[in-house]
Amino acid sequence: MDYIGEHRLPGQLGHFFIVLSLVASLVATFSYFKAARSKELSDAVYWKKLARISFITEAVSVIAIFAILFHIISNHLFEYKYAWQHSSRSLESKYLLACFWEGQEGSFLLWSFWHCMLGLVLVKTGKQWEAPVMTVVSFAQVCLATMIAGIYFFGERLGSNPFLLLRDSGVLDNAPAMHVNFDINQAVRPDYMTSIRDGNDLNPLLQNYWMVIHPPVLFMGFASTLIPFSFIVAGLWTKKFGEALKPALPWSLFSMAFLGVGIMMGAAWAYESLTFGGYWAWDPVENASLVPWLILVAGVHTLLIYKHSGHSLRSTYLFLFLSFIFILYSTFLTRSGILGEASVHAFTDLGMNAQLYLLLFVFTWLPAILIANSTNQKLVTAISGSVLLLASYFIPLPAIAFFTVLAGIGFFVYQIQTQIPTVTREESGSSREFWMFIGSLVFFLSAIVIISKTSLPVINKIFNLRLAAPEDEELAYNQIQVFIAIIIGLLTAITQYLKYKTTTGAAFWKKIWIPTTVAVIAASLILAFGNIDYEKHGPMFLGAIWLGVACAVYAIVANAAYIWLGMNGKLKLSGGSVAHVGFGMVLLGILISSSKKEILSHNTSGISIDFGNESKEKSGENLTLVKGMPMKMGKYDVTYISDSAHPKKQQWYYNIHFKSRTDDEEFTLKPNAFVNYKGNEGLMANPDSRHYWNHDVFTYVSALPNPEKNKDTSSFQTYKVKPGDSIFYSKGYIVLEKITTKDSIPFAAFQPGDKATVASLKIHSFNKTSYSAAPLLINQKGNLYGLADTITSEGLIVRIDAIAANEKELDIGVKESGSVLEYVTLKAYKFPFINVLWLGIIITAIGIIISMVRRIRLNRLKNES
Amino acid sequence: MKKIHIILLVLVAAAIAVLISFLKTATTYDTVDTAISKPGKFVHLMARLDKGQPVEYDALKNPNYLSFTAIDTLGKSVKVIYHNPKPDNFEMSERLVLKGKYIDGYFDCNAIQTKCPSKYKDDMKAAEKNIQKSETMN
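Note that the protein sequences, when read in sequence, are chains A and B.
Residue numbers for the first sequence follow my numbering, beginning at 1 and rising by one.
Residue numbers for the second sequence follow my numbering, beginning at 1001 and rising by one.
No lab work stands behind these hints: they were computed from the structure.
Computed from a prediction, not measured in an experiment: that's the story for all the values here.
Watch out, some of these pointers could steer you wrong.
To be verified - Calculated cross-link-like contacts (lysine to any residue; reagent style SDA-like; alpha-carbon spacing at most 20 Å):
1. Lys1041(B) x Gly566(A)
2. Lys1099(B) x Gly439(A)
3. Lys1003(B) x Gln651(A)
4. Lys808(A) x Lys768(A)
5. Lys1003(B) x Leu465(A)
6. Lys501(A) x Ile1004(B)
7. Lys731(A) x Glu666(A)
8. Lys768(A) x Glu807(A)
9. Lys1086(B) x Gln651(A)
10. Lys378(A) x Leu366(A)
11. Lys48(A) x Ala67(A)
12. Lys1086(B) x Val123(A)
13. Lys39(A) x Trp237(A)
14. Lys48(A) x Phe153(A)
15. Lys501(A) x Ile1007(B)
16. Lys1024(B) x Glu474(A)
17. Lys49(A) x Val60(A)
18. Lys536(A) x Ile1004(B)
19. Lys1086(B) x Asn1062(B)
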C-alpha cells in the first residue's frame, strides 16, 4: 500500500548506513586483528590498510546516521517514531539536539560517534599500537552498532532502530481512527499522516540547555574510558605491559577530565534545574557513572607510580580494566530498568536487557580469551565462557548470569596476575608511591562500596530478596564517604611533598611546615567562624565533617604551595598540583554546602497552629503564598506578585519577590512550572535561583491551585472591631469572639518580649454552616508579621491589620473572592558556598588537561629521540 | 608480609564491615498487612492510590499535609499522611512506593516515589491516548 505524505528516503538511507556501519566495523575488527597478529610486515601493511578503510567507512556511516536522524527530527518527520516520540513542532530549535539523545537509540549513537572520533585520532597517532588497540575499539563499535541495528537474529530482535516508522511501531494499533473503516484489525489508513500533526514532545523537564550540553560531555567521558582499556588489553596481548601504559596515560587523563566534568555537569543540572533539592542525591544513575570515574582516578595514580618507581603495574591494569567494565555495568543498570522496580523486569529478560547483558559478557570474556598465555589457556577460557553463557541462557537464574560475568573478570584478572611481572622490593614507608598507592586503594574501595550499595536491586534479583534502601539513604552513603574525604584530603595534601623511592625527614619537614601552618590557621578560622553546626546526625558525624573540612583546606593549601615550593611556580609542570587544589575545593564545597544547606521555606510561621490530627505535623518544608500577601521566609519577606504564561506551552512563570528585613537586599525569582502537560497530570516544576558569591537562594513551586479557577481580583477591606462585633460579607457574617495574646507559638523562636495576638473569629455563612478562623499578628522585636487565615469554601481570607494600644480592639482585614484564591506553594533553600564546588571542578579539569598536554609532549619527545 | 599487604587487608576488612552494616540497615518492601504488623518500623510500602477515597490536600490550610488512602495488590488499604505537597504524577501513577512507618492507625510517610512500570511505556500510553483523542475531535 502507498501511504500519503510519508518521507521514506531518509529512513531507507538510515537503514543502509546502519547496516554499512555494522559490516564496516566487523571488517575493521577482523582486519586490525589480522594486522596485529601478522608476523610478515607486508601482511601487516595490507591488513592495516584494509582496516583503516573499513574504520573510516564506519565513522562516515555513523556520522551519516547521525545527520539523517537529526534531519528527521529537525524537519518534524513524524512518520518516524523517534521524531514523533521525542519532539514536537512547538519545541524550540535549541532543544532539537536534546530530543536527539533523549532516547536510548540516540544516546547509543552519540556514544558511538565519540568512539569514531577517538578512533580516528588513534589511527593517526597510534603507530605500533594502532592495530591491537583499534581491534578493541572497532569491536566496541560492532557492539554499539548492534544496539541500533533493529534486525532480527534467530527470532530475537537485536537493538532498537531509530528509523522505525510510526505505523510499524505499534503506537497506532489501538487507535481506530488511524485504520481503514475505523477497525483496528484492518490496515492503517493510507492518509494517516494527515492525522499525525504533531509529535509527543520532549519531556518538559528535559527542555533545558543542560540537556543539550551534558550528554555529549558525559558520553565523551564514557567513550574515552574505552581507550585506556584497549591499551591494557593490547599490552597484555602483545606482552609489552609497561610500554602500553605510556600512550595510555594521556588518554586516561583525558578520560578522567571528561568523565569527571560530564558527571558534575549532571550534578549542576540537577542543582540548577531539577527539583531534587541539591546537586547530588546518591541516586543510582549518578552513582553508576561516578564509580568508573573513581576507579579511573585510582588507575591514573597507580600508573604514575609505575612510571616513577616500577611498582603497581598489575593494579594499574586491574583498575583501567575495571573502570571500563563498570561503564558497561552502569549502562546495564541504567538502561535495563532493573533499578526501577525489582519485581517487574527480569534480569535475564530477553530483548534489550539480554543484549545489554551480552555487552558485559563479551567485554569480560573475549579479552580474557585474547590475552590468555597459551593456546591451552585460550581454549579453557573459551570453553568455560561458552558453557557459562549457555547455562545462563537456558537456566533462568539471575545468579548464574551474574556469576558468569564475575568469572569472566576472574579469568582476566588471573591473566594479569600470572603474566605481569611484579617488583619484589618493598616500597619504603616514606616514599611517595607508598602513600599514593594507599590513596588509590581507598578510592577503589570507596567505589566498590558505593556500587555495592547501588546494586541492591541486583542483589535482590540474585538472592531472591526484597531488600530496600535504608531509612536515610543519603546518610548511609555520606557517613562512610566523609571518612573517605578525610583520608583522601590528607593524602592529597602531604603526598606531593614526599619523594619517589624514599624521602628524608628533614627535607620533607622543611617544605611542608609552611603550608601545614597556613592550613591549620585557615581551617581553624573556617571552623570557628563558619558556623558549621550540622547536628542532625549527632556529634560524631559533625566531628567527621569538621575533620573533613580541615583536611580539604589542607589539600588546597598544600597543593597550591607546592606549585611554588616544589615546582618553582612552573604552572606547565604543575598540572597535578592544580588538579589537586581543585579537588580539595570540590571536597570543601561539598562538605560546607551540604552541611550548611538551609531550608528557607520552613513553616516556622505557625500557620498550622492547630488542626487536630495534623498538629503532629513536623514543621514542613513548604510554604503557601497567597498572591500579594508577604510571608516570612528566613530573613526575607516573600511575596507572590504576579505570574505569566508561556505563549505556546502550558507553562507558567511565577514572580516571587524576596525582600530582606535586615538590609536592602531585594530580588525577584521566577520559578516556573508545566501544568497538566500533555496528559501528565499535576505540575512539573523548574526552579529559579539567585546567585551570590557565597550562597545561592533557590526556590521552586511545589503545589498550585488549578490555574483555570484563578480569577480573583478583590482586595482586603479593613474593619475596626471589638470582641462581640460582627463584620458582614457577601455570603454571611463574621463575629470576633475573643482576642488572645500568647508569648510562644510552635515553631517560632520567640524571644522575651515577642508576642502573638490571635483573633478568634466565628464565621456564620448564610447557608447555615459556621466556621472558625484564627488569624495571627506576631510582634517579633517590634516587627509585625500578619498570618492570615482562610476559609476556602467561602473564598474568604481574614487577617489582623493592626491592634489598638489597649489590645481591646482590632483592625480586621477581610478579602473575599468568588472563586479559589490565587496562591502558590513554594519550597526554598539557601545553599552556601556552592560556588567553591563548581570552581573546584573547573580547576580540577584544567589541572588534568595541563598534565595531559605535558604527557603528550613528553611521549612525543621520547618517540623522536 | 609487606606493609602494603597489611594495609590492604585492613582496608578490605573495613570495606566489608561497611557493606555488612549497610545490609543490616537495609529495609524491606512491604504490603499493607506486613507494614501494619510492624508498627514504628521503617518500610517501603508498595501500593497504589485508592481513587475511590478522598485525597485531602489544601495548600492554603496547610501546604505540608496530604492525606489519602493507599491500597495494595492484596486489596488491603491504609490511610497515609504525607508531609509535603502531591508528588509529580501522583494521581496517574500506577504504583506508589511509600517510604515511612505505620503508627497509630495511619501510615506516616516521609517520601513518595511515583512508580510507573516504565516511564517510557507511560509516556507512550499518554501519547497514544492523545492520538485517539485528537481523532475523535475531527
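Original post:
Of the hints given before, which are not true for this structure?
Top reply: Violated hints: 1, 2, 3, 4, 5, 7, 8, 11, 12, 14, 18; rest satisfied.
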